Amino acid sequence: MCFRDTKEDFIQYHKERSIIMSALLCIELQIYFSKFVWIADGAQLIVVNNCRESIWPGILGSAGQATPKDGGFHLGSGEEVVLDVPEKWSGRIWGRQGCNFDNNGKGSCVTGDCSNQLHCNGKGGVPPATVVEMTLGTSNSPMHFYDVSLVDGFNLPVSMKPVGGGIGCGVASCEVDLNVCCPSALEVKSEGKVVGCKSACLAMQSAKYCCTGNYSNPNTCKPTLFANLFKAICPKAYSYAFDDSTSLNKCRATRYVITFCPPQ
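1 is the number of the first residue of the sequence shown in the UniProt record's numbering; add one for each residue after it.
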């Protein structure tokens, strides 16, 4: 800028420049903090597909809870999707594989299917399916609980890992392909290939294996041979209903990465 050799012009220029810089800084701060307004009272879930093929994640919120993405979406190999969920949200996420849907979102999946729909809209997945479960805290009590469960069986390896959060934040996971070593009594096959591994409850359909009836408490429902096998292969996942001590994680982080077929 050229000045007309007057002190007044010089002072006026710097006043205008100061006003402009203050306005720009205010805008930048608003943009920066707006990224964190939503997740400050909830959490951000980054869902990643590290599998070689497409998957179709299904989402089910607990009763009265909103469900992101209408409960289901396509996720190509190598892709990721960011989901924002509010405080107090609880629900589950699982992977569906081998799906085929028409333009209206109707079709079916080889595993994890939810009522033959792309958008599960309040419907759970048909077992066997590896499930990620979580219950979020609040802004006043920001402790979040999460786990990976094999109680409904297994279809895909998956992990849930916090981004930050401090000491004590664990990783929930079943990173090994259980289908490779699934006992024949628990196998689910499609076109001759094992695509899922049933839980003992699903296969045996008895109170002893399902932790129901006379076995509905941790004193009477103990891990079975199959549960012990699942636990040996996936020690960071629920192997049966009362496997809390080594499977349930808690963390104050506001961002979590859920990876299907995580690198081992």
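Some clues are possibly wrong.
Cβ pair distances, simulated, as ranges [as the list claims (entries may be wrong)]:
(1) Ser139 with Gly78: 26 to 36 Å
(2) Glu79 with Ala185: 11 to 21 Å
(3) Lys106 with Asn140: 35 to 45 Å
Derived from the structure by calculation, the hints contain no laboratory data. Just so it is clear, the structure is predicted and the values come from calculations on it, not from any experiment. For each residue, glycine too, the CB sits at the ideal point set by N, CA and C.
Each hint tested on the structure:
Range check, Ser139 to Gly78: about 35 Å between beta-carbon atoms, so the 26 to 36 Å window is met. At roughly 36 Å, the beta-carbon separation of Glu79 and Ala185 lies outside the given 11 to 21 Å, and the hint is violated. At about 43 Å, the beta-carbon gap between Lys106 and Asn140 stays in the expected band of 35 to 45 Å.
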